[in-house]
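Produce the complete structure using the sequences and hints provided.
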Amino acid sequence: MDAREVIARRAALEIKDGDVVNLGIGIPTMVANFIPEDVHAVFQSENGIMGMDKMASPEEQNPDIVNAGAAMVTVKDYASFFDSALSFAIIRGGHLDLTILGALEIDQEGSLASHIIPGKMVPGMGGAMDLVAGAKKVIVVTTHTARGDAKKILKTCKLPLTAYKKVHKIVTELAVFDITKGGLLLIEKRKGVTVDEIREKTEAEFQVSHDLKDFGPPLQS
Amino acid sequence: MDAREVIARRAALEIKDGDVVNLGIGIPTMVANFIPEDVHAVFQSENGIMGMDKMASPEEQNPDIVNAGAAMVTVKDYASFFDSALSFAIIRGGHLDLTILGALEIDQEGSLASHIIPGKMVPGMGGAMDLVAGAKKVIVVTTHTARGDAKKILKTCKLPLTAYKKVHKIVTELAVFDITKGGLLLIEKRKGVTVDEIREKTEAEFQVSHDLKDFGPPLQS
Amino acid sequence: MINKIISLEEAQRHFCDGMTIMIGGFLGNGTPELLIDAILASGVKDYTIIANDTALPEIGISRLIADQKAKKVIVSHIGTNPETGRQMGAGELEVELVPQGTLAEQIRCGGSGLGGVLTATGMNTHVAEGKRVIEVDGQNYLLETPLRADIALIHGSKIDPFGNLYYHGTTRNFNPLMAMAADLVLATADSYVNIGEIKAEDVATPGIFVDYIVKGD
Amino acid sequence: MINKIISLEEAQRHFCDGMTIMIGGFLGNGTPELLIDAILASGVKDYTIIANDTALPEIGISRLIADQKAKKVIVSHIGTNPETGRQMGAGELEVELVPQGTLAEQIRCGGSGLGGVLTATGMNTHVAEGKRVIEVDGQNYLLETPLRADIALIHGSKIDPFGNLYYHGTTRNFNPLMAMAADLVLATADSYVNIGEIKAEDVATPGIFVDYIVKGD
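Chains as they are written, first to last, in this note's numbering: chain L, 1 to 221; chain F, 1001 to 1221; chain G, 2001 to 2217; chain U, 3001 to 3217.
Just so you know, these hints were derived from the structure itself, not from any lab. We put the CB at the ideal spot given by N, CA and C, even for glycine. Possibly wrong hints are sitting among the right ones.
[What the hints assert, rightly or not] Calculated from the model, a selection of chain F residues having no Cβ within reach of chain U, i.e. all distances over 12 Å: (1) Ala-1012; (2) Leu-1013; (3) His-1040; (4) Ala-1085; (5) Lys-1165.
[Claimed, not checked] The calculated lysine to any residue pairs, modelled on SDA-like cross-linking and capped at a C-alpha distance of 25 Å, are: (6) Lys-1181/F with Pro-1218/F; (7) Lys-2158/G with Ala-41/L; (8) Lys-2045/G with Ile-2002/G; (9) Lys-2072/G with Lys-1165/F; (10) Lys-2072/G with Gly-3089/U; (11) Lys-165/L with Asp-64/L.
Shown next, in the form of structure tokens:
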């Protein structure tokens, strides 16, 4: 199983029945595919949907109904559409139980950098800054390291921040961290990986839970 | 013709074709009855209507469609309904060409007191403070004096203000004043009334227009 | 889908002394009369009402005023209900008067996670007393801060089991704003319809804001 | 009723160099392509675009970016249009990035006569640079000020001769907000319907905001 799927499957377990959820693009979008069948979450899309369903099949495609990545989607029978002001009133007003977002960097204080690499990649923050500022719970999903094993889980983010001390949890293909007032707490590790191996790939300092659990399929090296 | 009708008829001439207008309760509401037939104004009601028409006849009555005074009304075929946030975004955002309101006191600087007599009558400002702050043009309609000939057009309002320096024009049964940077300017007087008679009933100082005109039916004393 | 439908009796249990209650409607138009019944039946006291007005005698919020258990009302006007003025004059009821547009924006702020808005309404009047004045581009504005409630009582023309609301005519008014600005939201409607009967485009209050749908017998 | 309908040629005359143009849509969804044609045909230059994004290549606002006559864009992201990033990097186009919710509120302020809103979004990030921080109830917020434009270009699913607009699906997005925040508003629609075909409850943009309804051939 590739790293992204491991992450998406683990993150999907964070979604509770009845949760109102906004998923960012990339790995976060994949999370929707792995939610247990008995969990019914309500998905928001910041371009103006409450009750988004799934990618539209060729027969279902309607160019007037797209997600925040401009892909045509279907909606649930209880869906509603609205303008951007109401959409962000929902996001900023604490009406989202959960948002799951990607990261370029994340640090042990819960700060996140996800929208800009100065001089190199400047996509902009879109709705990400609002989502991290407004959602009741913020989970970052990311591969544990970047290309060339560059560390992404840092003591302090170096890139311009998308949010300051707003992230509650980090899910990678190797580890699940809670971000607590005392710093990072490793609560789960990938089956077959040692805590030391995680420490090697993590710049941030972290504590290890007394109740450390394993998750995911065993890592094949 | 009673004073209120004289005022309403004169004020009606201030409404131009295509104007978006909000009328307060009392004399302002009467203004709608006297708009020339070739003038088509769009009436807003702050409880959430654009395109209000007239009082509903018994057959037309629908308890879900009322004006800001809770009276059942009809709406034009181009009408729209909306919530109070949009209603006041329209009012405050400068999207009303004109509002016509009543007054307890009005002064030569264009300040208005219309919503409270401390210890005596405290109805509250409702939407009046928003209307005077937001409309492009504010016209106050009022009988020239209160009961017992108490003066209402003052040097400075004594009652708590509803708006500070926001009124553009005053229409009474005796006079029409423009409120200019230099103070009050009498631009029209009731047929059969002298400027001196108006001065007697007006505490505020005012200039008289070089182009002073008469309006209304001759005053019968 | 979670079942949100509760009875009037269950609704009563959500009220407690001293709470702040937002109530939708404009002079009774779009006001949840059934939930006013629930407040009255609950016997709750010392509560604060946030609403546009105190209605006209006999209907809506005026029934609470007549009951004399409210401690305070925050409204834009009380002129249509003489009893409110009487209680205010007699020192039996605290009345805070707020310009209607400011009230709408304060409730919108409360529901939208905003710390406040700047408005010209009320500048240089008694409404400005005790408020911060902030200059933007040479213009002075009052800083108006958010209003939230413990519970909001909402009424629509139609509601579906998800809680989506549709409003006929002028019944919308403060309802959609209040539905976002309280910790708990109870809603009633003229008509309880099936999922799908309110088109997604026509939903004025998305169902996620509604905690409980209250149905009479 | 005043006739608001004008041709594409007449629409072109409303553009001039250096103006600020708001354009509705979200990645091209709900964007008035016909009015983008009008900008291109008008030959106007050095203008500033306020929009959610610069769309994807070939559609909507990306056609203006490709034309290289804009001076600046104020948007929430440009990641879907590599050409915008290229021009920014080459110093050919000024790009101001604003959080999407802040952009929506700033435009809403511009259309609603508000002097600004306080938001937590962007606190302690580069977005906060140069902005006033205001404390309310022990919480710090950024003061975000209004955005207005000389002209707004709006697109609906249906429009009637009064200018009332109805939006299908996700095409609503920034359109209703921008329709309120410009000195002049031009609108197009997928379908031009008669008065009365959009129910009063279903109007998302009241026609009073629309100055001209633009119809192609």
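Structure-based check of each hint:
The Cβ of Ala-1012/F sits about 19 Å from the closest Cβ of chain U, beyond the 12 Å cut-off, so the non-interface label holds. For Leu-1013/F, the shortest C-beta to C-beta distance to chain U comes to about 20 Å, beyond the 12 Å cut-off, and the non-interface label holds. Chain U draws His-1040/F into its interface by the beta-carbon criterion, the shortest separation being 7 Å against a cut-off of 12 Å. Distance to chain U contradicts Ala-1085/F as a non-interface residue, since its nearest Cβ pair spans about 8 Å, not more than 12 Å.
With a least CB separation of 17 Å from chain U, Lys-1165/F remains clear of the 12 Å interface cut-off, as annotated. Between Lys-1181/F and Pro-1218/F the alpha-carbon distance is near 31 Å, which puts this suggested pair outside the 25 Å criterion. For the proposed pair Lys-2158/G and Ala-41/L, the alpha carbon gap of about 24 Å is at most 25 Å, so the pair holds. Taking the CA atoms of Lys-2045/G and Ile-2002/G, the gap is about 31 Å. The hint is violated against a cut of 25 Å.
Our distance criterion of 25 Å between C-alpha atoms is broken by Lys-2072/G and Lys-1165/F, whose separation comes to about 32 Å. With a CA separation close to 58 Å, the supplied pair Lys-2072/G and Gly-3089/U exceeds the 25 Å bound. Annotation: proposed proximity of Lys-165/L to Asp-64/L is violated, straight-line Cα distance about 37 Å (limit 25 Å).
Hints 3, 4, 6, 8, 9, 10 and 11 from the list above are not met by this structure, while the remaining hints are.
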